[in-house]
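With the sequences and hints as input, model every part of the structure.
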Amino acid sequence: MSTAGKVRQIQLVGQKIRQLRKENKLTQVELSQRLGIQQSDLSRMEQGEYRVSLDTLFRILAEFKVGIGEFFEDVAKESITPRDAQLVQKFKDLPENAQREVEDFIAFKHSQGSRDHSDPG
Amino acid sequence: MEERFDFEDLREQGSRALKAGLFTEALEICTRCVAWAEQHGTTEQEDLAFCNRATASIELGQGERELGRLREILMRRGAVSSFLAAYNIARYYELNKSYRKALFYTRIAREHAESLGRRDWLASSCNLMGNTLLAESLVEEATAQYEQALELTLNEPSLARGMVLDNLGYCHVLQGNHQKGHALLVESLRMLHRVAPAVYQTPPRLDLCFLYIETGRYAHAIHQGTRALELAEQANEPDFVKNALYLLGETENLRGNVSGARLYFDRLQREFFPDASYLPGFLMAVDVRKLVNLHA
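Chains as they are written, first to last, in the numbering used here: chain E, 3 to 123; chain W, 2 to 297.
Just so you know, not all the hints are guaranteed correct.
For each label pair, taking beta carbons as the anchor points, the in silico distance ranges come out as [claimed, not checked]: (1) W:G261 to E:R36: 30 to 38 angstroms; (2) W:P239 to E:S113: 48 to 56 angstroms; (3) E:R36 to W:N156: 19 to 27 angstroms.
Heads up, incomplete: computed chain W residues facing chain E, CB under 7 angstroms, no partners named [to be verified]: (4) H179; (5) K243; (6) A277; (7) L292; (8) A297.
Hints in this document: simulated from the structure, not taken from any laboratory. Cβ coordinates follow ideal geometry from the N, Cα and C atoms, glycine included.
Written out as structure tokens, the structure is:
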């Protein structure tokens, strides 16, 4: 992943923390007290300027346990995982006719998947 | 006269054990020293002996009971014992992640070290101040403190110098100075390998693992991370184990070994965050390298 991508991610996590805090009608002081950190540190965290220990990171995530998957969906969406990148690279390395076959296969699997969803019986 | 000699001899033995990081041994020696001082010594000797024992207790995670008396000693304002008391209190707060309090007491320790003209204690104070600043993500300020600490320590292998090299190396890595960071971390690891118990190799190995991840040298990262994990497990150091599992998982994930990454993240969740079932999935999807401080 590019450096710009990583910077974007840390900013997104900060923005998400800020968004959830506001949705829960918490001030920075209240949330920082719950997390056991300084308000100024939370502020820097929301701006993507503050690194924390794994304990603190997961304490923050735990604080937002309601719908955490959904909460970080945007962040995850922006993440190209190494596996994703590898798959793309392998695809690009294939000759053009093989790429078309893969595309056809993906289309076939998608159509199969949508049939599975639409026809549970 | 013979008792006086015994006291100084014991105190010296205790100090040597402390400097070598042999804290269990130091605690035993220093406890004997305190017992002697309480029976035969002056208040100053009692304070000095107590401060040495407190250093060992704090490093062994038993420091809370020492805080009250350390504060009393600090209030008595004897120059040497005040430095030791302030430094010990600061170190206690650092280990307990109360960084603002640690910074407050480190400043007091530093003032005493300056007034005493003790370069070694000034170096220790700078290193401790660097630790608290780094934990607060003030990387540039921490770097300046570590550089000063390095200048003040004797240019010969020691536990203290090895730890400063590691701290400074990590700061350079965080700032993207990978080559400089690498040189410092390797020097730290070699030095600590020579002069300190094996567990002290864990931080530079973790930091090297992080550096190798940042520079895409995944095989090297796995090597350092795996060795760090072994050492951390042997020494029962949970914070180091957590960081090692996270770094190893991140490395495997980045080099495309999804099942390997999952194993490390699952173990991290199971052993340290049992209520956070979302954690392995989250770590597989989100790269948190820019969020995590291995020295916090």
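Quiz item: Do the Cβ positions of P239 (chain W) and S113 (chain E) conform to the proposed distance bound of 48 to 56 angstroms?
Solution: Holds: the Cβ-Cβ distance is about 50 angstroms, inside 48 to 56 angstroms.
Quiz prompt | Restraint outcome when A297 (chain W) is required to lie within 7 angstroms of chain E by C-beta distance | solution = 4 angstroms, holds
Exercise. Using 7 angstroms as the Cβ threshold, decide whether K243 (chain W) counts as touching chain E.
Key: Where the cut-off is 7 angstroms and the nearest Cβ of chain E is about 5 angstroms from K243 (chain W), the hint holds.
Quiz prompt | Hint check for R36 (chain E) and G261 (chain W) - Cβ pair distance inside 30 to 38 angstroms | solution = At 35 angstroms between Cβs, range holds.
Quiz item: Is the interface hint for L292 (chain W) satisfied, with its Cβ closer than 7 angstroms to some Cβ of chain E?
Solution: 6 angstroms, holds
Quiz item: Close enough to count: is the Cβ of A277 (chain W) nearer than 7 angstroms to one in chain E?
Solution: Since the shortest Cβ distance to chain E is 6 angstroms, the answer is holds.
Practice problem: For the hint on H179 (chain W), just tell me whether its beta-carbon gets within less than 7 angstroms of chain E. | Solution: 13 angstroms, violated
Quiz item: Lying within 19 to 27 angstroms: is that true of the beta-carbon distance R36 (chain E) to N156 (chain W)?
Solution: 47 angstroms, violated
Consistency note: the structure conflicts with the earlier hints numbered 3, 4.
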